[in-house]
Amino acid sequence: MSGWRLAHGGLIDRSRPVFFTFDGRRLAGFSGDTVASALLANGVDVVARSIKLGRPRGIVAAGTEEPNALIAVEPGLALRRATEVELVDGLAVRSVSGRAPAPAIDETPSEHVWHHADVVVVGAGAAGLTAAQDAVAAGGRVVLLEGGHAAGPLPDGLVDAADFVFLPRTVAVGRFDSNMIVAHERRRGTPGANTAARDRLWHIRARDVVLATGAVERPLVFADNDRPGIMLAGSVGVYLQRYGVAAGRRAVVFTANDSAYVVARDLQAAGVDVVAIVDTRVRPGPTADAGGIEVLSGHVVAGTTGDEGLASVLIVPRDGDADRASPTVVEADLLAVSGGWDPALRLLAHTGARLRYQPSAGTYGVTEVPPRVRITGLAADVNGGVGAFSTLDPVWLVPAPDGSLDRHFVDLQRDATAADIRRAVDAGMRSPEHVKRFTTIGTGNDQGRTSGTNELGVLAALLGTTLEQLGPTTFRTPLVPIPMRVLGGPYRGELFDPVRTTPIHGSHVAAGALFENVGQWKRAWAYPREGESFDDAVLRECRAVREGVGIMDVSTLGKIDVQGPDAGAFVDRVYTNRFSTLKVGSSRYGLMLRADGMVFDDGTATRLADDHFHLTTTTGGAAAVLDWLEEWLQTEWPDLRVRLTSVTDEWAGVAIAGPKSRELLARLAPNLDVSAEAFPFMTVRNEYLSELPARIFRISFSGELSYEVYVKSWYGRALWDAIAAAGADLDVTPYGTEAMHVLRAEKGYVIVGQETDGTVTAADLGLDWMLSKRKWFIGLGALDRPHLTRPDRRQLVGLLPDDPDLHVPEGSALLPSGGLGTAGNVTSSYRSAALGRTFALGLLAGGRARIGSRVDAQVAGWRVPLDIVEPVLWDPQNERRDG
Amino acid sequence: MLLISCPWCGPREEIEFRNGGEAGVAAPEPDAEPTTDEISGFLFFRSNPKGSFHERWNHSHGCRRWVSLTRSTITHEIESESQPTGRFRP
Ligand SMILES: [Zn+2]
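Protein sequences, first through last, are from chains A and B. So the first sequence is numbered by my numbering: it starts at 1 and just counts up by one. So the second sequence is numbered by my numbering: it starts at 884 and just counts up by one.
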């Protein structure tokens, strides 16, 4: 119980007491306190037990560098630092010792903000405020970021400035290319309140960035340097000045620079008994004014004693082994230490600037600043080695009288000591990156703020090298931890990814469809009836198409409109087969390859006019195909007079498939001659269908007589419902994507992305007949590469399990019959109503030559024998497509 | 996160763009009959310099046009004006 609240002073509001609980204890503080300042004021010494050794730990710092005082904030148990959490009435927090409890999923809304500024100033200390005033005076748009909450009132000139944004409680967590500052703003509000965005992630594009980020104080590494009551001297000063809290009653100050002298004098003035200033230097600096306090220059603290808190400090001369045996013992409950200061310049390292040890400054800093960045204030002074905060002769390791290192703590959060660094060195490690990972120093959520430089100092001492030889480990974004939900921002739940539904979606829902995701689309998967299993529904839907008539929503197919005088030449170049000779009103199946010759997409192209083609793509490939075609058109063939337009969403489509589809179409379009002669396979007609203007394609993906009818998308549901009504007596059956997959697989039609994976050629699929020999196309030149013509390439085959009821899972490995090694894999596998058995498609090494022989599939650890057959299992002579 | 200047739209955030790799790599001419070495060079070989790199970006969430610029692969600094990516022939 050593800390206490002063009667006066600080930026807190003593007229507004605030009550909170810490581990269930009800405590009081004032408005303006942090949890940490209130705990100190209440005399709470021990705030945690250390992660490995269970040693008592107290508050060390006053800002984001605090390694010990982690707390979980009720109700969600979000992990925070006590030094950063503002006290509000009713706040309930728990101490965290080592491992934090798993926080609840936090639904608190957060948002992302994009902003542009002439000048972003990071840090609202005196230097930051001055920089902001200057920038505002110069007439720019200025943003001032301050990580803390207790910055004083804004000075005149900023309060009413136009085009000036002041963001307190906002930590700049990253600086990215082209001066992009990303900052996390914690907005004021009741913890747990779910009403408005409590966090904002700012992305600020700045012309100029001013870093007024200050400096971080380093502890000193000596035996038992981790006891509660041992604090950073500058932080002791912050608690005094900002919160009116004295961190102890009887203090020793241990420093290697002049900055701690001010703290010693301020403590003395506040009524704390400051016993001595222990200065590592024989000759303290020019600003070291002790104000009458005894100074032990050229001395060090070599150890401490105590039980839960600090009891006494052991002081010895810095150089003088003889005196080590009998140190001066000074009773104290507060030891304020300052090993030196590091400029807070990690933001520069995010974009690749290297911080290097500057002997003239006694710290890691930069000699060159990136363009359009300026460092000012304390950060600049410490970086340049000027002023009271500079530590020109740092002491990295104070030896213990017994030579031990295992209570010389370097990283308090990780409970890692100089002995751990010694072990790393003994194991042969030299690189700081290796030592960091071996010792875990610097890997806590404080990211080694107070331990990183000391680690390198101890390492250099143990290796007998200099710090110039040891670069700091890599500093990555974010500078301080930010919750994942803030990175996610509003893009969660239904805003995470758009859901695309077709104009006919409502009819599928009404019919009880199950849906599957295809890209962002919801596609009707199957329509199980009451009490019917999914598998039985698929078999029934397949049977309807083979024996009667089925209808399917094909609106999701990608559609690209190609227009222009060179449309024919363009389409010839992008498909493997020839289209420029296609007659107006006719369609052709087309295959697209990537430049490396692998199958990219397939679909049909229909010529609507001499200079007008309508291309369809796979549902999932629509965007990629348009991008691909645009890329060639813009970057390789700008001379072609062609324009491409995505019309996927313009048209809703329904496939009418099965032997009775002609009869159904005739009822709907009485003016259309639907005979096979008048409306042949692979042609298109424009006709009114149930009074809706429609494009009707005679096209088939099932092998049956089949049509695809397209109308403007707003007529889609009317079309579907009209077809369903007109075909009621024909038992017209909606079928989903699963039945469609079965039907096409029975015909040996491949699905790009299922039978192909980017390593499959047209020849592998048996589609080499589609490769025109009389014209150029994308991918042609790559097809002669030796690897693509090997006879043992994996080729498409049909596969029939000996057991006609056995369904071989898709993806199963194929093994040589009775032999070892993988020879391929199953790509599609279904139960077939038409075949009365299960069947599969697969890619098999040298497969075409092996048709008629046998192969094994590996299923659940067992070998299952299969017959290798032609991939077309249904109607190989195409006798059914004319009905 | 780069700030990329689009010749059509002005300076825009990198997330509006898709990187298109090295610029100035000529695709085979239609009707050309490249050797296997030539086609492999086009498909698989890029200069990958340490320093100035001439590269392509597609303003995919903007005007959808392809642009080319020079960027330092060391500092990420964009060193040139952006230009529409035109047909490249060595
Ligand atoms: Zn653009």
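It should be emphasised that the hints constitute simulated quantities derived from the structure, not laboratory data. Quick reminder that beta carbons are idealized off the backbone N, C-alpha and C, glycines included. Misleading hints may appear alongside valid ones.
Said to hold, decoys possible - Across the chosen pairs, the derived CB separations fall in these ranges:
no., chain 1, residue 1, chain 2, residue 2, range
1, B, Glu899, A, Pro17, 48 to 56 Å
2, A, Leu514, B, Gly907, 44 to 52 Å
3, B, Glu899, A, Glu810, 33 to 41 Å
4, B, Glu899, A, Phe438, 37 to 45 Å
5, B, Gly893, A, Val369, 24 to 32 Å
6, B, Gly893, A, Pro75, 43 to 51 Å
To see whether the hints hold, each was checked on the structure:
1. Glu899(B) / Pro17(A): 48 to 56 Å: holds, 51 Å
2. Leu514(A) / Gly907(B): 44 to 52 Å: Hint holds: Cβ distance 50 Å, inside 44 to 52 Å.
3. Glu899(B) / Glu810(A): 33 to 41 Å: This hint holds: roughly 38 Å between Cβ atoms.
4. Glu899(B) / Phe438(A): 37 to 45 Å: holds, 43 Å
5. Gly893(B) / Val369(A): 24 to 32 Å: Because 28 Å falls inside the window, the suggested range holds.
6. Gly893(B) / Pro75(A): 43 to 51 Å: holds, 47 Å
Hint check: no violations occur; every hint is consistent with the structure.
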